[in-house]
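So the chains spell out like this:
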Amino acid sequence: MILGKIPIRTHIITEKDDMIDVVKKYAGDVAEPGDIIAVAESVVAITQGRAILPETVKPGLLARFLCLFPGKDGSLATPQAMQLAIRESGSPRVLLGAVAAAFGRIIGRRGDFYRVAGRHLAQIDDIAGTMWPFERHIILGPKDPHKIVRRIKIVTGVDAVITDVNDIKKVDIIAASGGVDQESLIKDLADNPFGNDDQQTPIVILKMALNTTD
Amino acid sequence: MSSRKQSRITNIWSKVIKDGSGNICTKVVVEATSAFEYRVSRRGNDVILKAAGVAANMPEGTIEVNDGLVRKVSLIQTSAGEAVFEIHPEHPCEYRVEAAEGIPFRTAIILNWAFLIKMFKGKKLVIDPGHGGDDWGGKGPVSLIEKNVVLLIARAVEDLFGQVGIQTVATRAADENISADSRFELAKNEKADLFIGIHTYSDNNSKVGGAAVRYKPSCKDSLLVAGMIKEELIQKLKVADRGLKESRELAVPGEIPGVEVEVVTITNWVEEGLLRSPTIHKKAAEGIFNGVRKYFANIGGH
Ligand SMILES: [Zn+2]
Chain V
0 MILGKIPIRT HIITEKDDMI DVVKKYAGDV AEPGDIIAVA ESVVAITQGR
50 AILPETVKPG LLARFLCLFP GKDGSLATPQ AMQLAIRESG SPRVLLGAVA
100 AAFGRIIGRR GDFYRVAGRH LAQIDDIAGT MWPFERHIIL GPKDPHKIVR
150 RIKIVTGVDA VITDVNDIKK VDIIAASGGV DQESLIKDLA DNPFGNDDQQ
200 TPIVILKMAL NTTD
Chain C
0 MSSRKQSRIT NIWSKVIKDG SGNICTKVVV EATSAFEYRV SRRGNDVILK
50 AAGVAANMPE GTIEVNDGLV RKVSLIQTSA GEAVFEIHPE HPCEYRVEAA
100 EGIPFRTAII LNWAFLIKMF KGKKLVIDPG HGGDDWGGKG PVSLIEKNVV
150 LLIARAVEDL FGQVGIQTVA TRAADENISA DSRFELAKNE KADLFIGIHT
200 YSDNNSKVGG AAVRYKPSCK DSLLVAGMIK EELIQKLKVA DRGLKESREL
250 AVPGEIPGVE VEVVTITNWV EEGLLRSPTI HKKAAEGIFN GVRKYFANIG
300 GH
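So the sequences go chain by chain: V and C.
Going by numbering that gives the first Met the number 0, the residue at position 39 of the first sequence is 38; the numbering climbs one at a time, nothing skipped.
Going by numbering that gives the first Met the number 0, the residue at position 21 of the second sequence is 20; the numbering climbs one at a time, nothing skipped.
None of these hints come from the bench; they were simulated from the model.
All values derive from a computational prediction rather than experimental measurement.
Among these hints, one or two may not hold up.
To be verified - Covered stretches of chain V (chain C as the covering partner; in silico rule of three or more C-beta atoms under 8 Å from a C-beta of chain C):
1. 4–14
2. 24–34
3. 54–67
4. 127–133
What the hints assert, rightly or not - Some chain V residues judged to face chain C by a derived CB distance under 10 Å, without partners named:
5. A76
6. Q79
7. A80
8. G194
9. I204
10. K206
Cβ coordinates follow ideal geometry from the N, Cα and C atoms, glycine included.
Isolated chain V, as found in the complex (with noise of 0.2 Å):
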């Protein structure tokens, strides 16, 4: 059973960061065990050097043709960020992908490209004006997220999750460490309690009551 959520405020999280000690520093004082603690996928990236300035990425022939299709919910929109999603999964995957969601469009079916060119490139964001400052910053998804939420768990002691969590109600959870009910979890992130800024509150904590047995 949830009590509350918990948004945590920290500095402005970059490269430099380690995203344990993070955690250790801003949630140590406020999560129990029994509690999850949840981070922003975004910002694990960061930290990650996974933030990329679209001005330092040269598109090829293939990601310009590509990024011209909609239909992928506004990300991958920009070549910059569709040579990533390349760089990431290879052109050959992409290609198929393409050619995956144009036949699903025709049978009105979605999501066909992700599912073929890889789940994790859904995580790319593309530039989005938020995240200062990296706002103007292409975000992949992070790397290693399980071995993160393992860390995690052994240097507090507490469930933690890496979720994607956006305004329109969309809750994904990357990792999660062993004692977390996922489900009941994408109930209680639905309302957004990171808020539309990440950076501002990459960590929310998640209290739990104790001595629940449901």
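Chain V is fixed; fit chain C with the ligand onto it per the hints.
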């Protein structure tokens, strides 16, 4: 030394709200792990809240708000267990404090916009989303078209002004052909206090980016409001400053001041990306709103 006894300050946020009686207010909320004691005092417009039995879990320092009434909020841990919150409004305002039990424990400082609402009373603006119909305006390197994005930004601008009781009249609400003359004439017919065109800039070099404001020559107030809008817009959008430019085509009749805001540069591929985000439309609108508010406050004396 148990930190468990102290309430930990975890977050500060703010929002413009309508209170129970329908008055516009800024609500500044301090979130903490439990209740704490505080004393509130006033220093000029500033509201100062001294708290005891607290520890700053969040970083100390200043949070920019810039919502129209409140410029910024700051938190300083003055000694072990004591902290000071300072709220800096830009205009006179009344305030009240409300505390709400819960997890987190919330202490809200609610600041009334009555001064601004009075200042805005009777003001009317013409908002002109540039281009339309056969005139596409600029085009982004991927797919965006100026005539479409400026319409979205103009709507966000109208929403903000409408919320504080400023009347807005738009030159177009759809994708239609409208002559330059009839756009400017509308300002005269409506006896508007100000004409604001919404545009994006276009450049042959896709690396050029930033915001600028064009203004009607032969009118000192146009230059004044242009400067204020540009400053506040850049504060919100954090894009490059392309300066203020005189525009002879901006032929708003009579004494009515006129400006055209080039919100960002659509031909820059990063800024085209920014233009896809509703957050950016909203931030651009807030920047324009803040500039106009400063202008009305500035000319308010006469
Ligand atoms: Zn234009």
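If you count the residues of the stretch 4–14 of chain V with a beta-carbon closer than 8 Å to a beta-carbon of chain C, do you get 3 or more? holds (count 7)
Does the closest beta carbon of chain C sit nearer than 10 Å to the beta carbon of I204/V? holds (8 Å)
Between the stretch 54–67 of chain V and chain C, see if three or more residues pass the 8 Å beta-carbon test, and mark the coverage as holds or violated. Holds: 3 residues of the stretch 54–67 of chain V have a Cβ under 8 Å from chain C.
Would you say the stretch 24–34 of chain V counts as covered by chain C, given the rule of at least 3 residues with C-beta under 8 Å? holds (count 3)
Would the hint on K206/V stand, with a C-beta cut-off of 10 Å toward chain C? holds (5 Å)
Restraint check, 10 Å cut-off on beta carbons, for A80/V near chain C: holds (8 Å)
With 10 Å as the cut and Cβ atoms as the points, is Q79/V at the interface with chain C? holds (7 Å)
Test coverage of the stretch 127–133 of chain V by chain C using CB-CB distances below 8 Å; three residues minimum. Since three or more residues must qualify, the claim that chain C covers the stretch 127–133 of chain V holds, with 4 doing so at under 8 Å.
If you take the shortest Cβ to Cβ gap from A76/V to chain C, is it below 10 Å? holds (6 Å)
Have a go at the G194/V hint: is there a Cβ in chain C nearer than 10 Å to its own Cβ? Result: holds, 7 Å to nearest chain C Cβ.
When each numbered hint is compared with the structure, no violation occurs for any of them.
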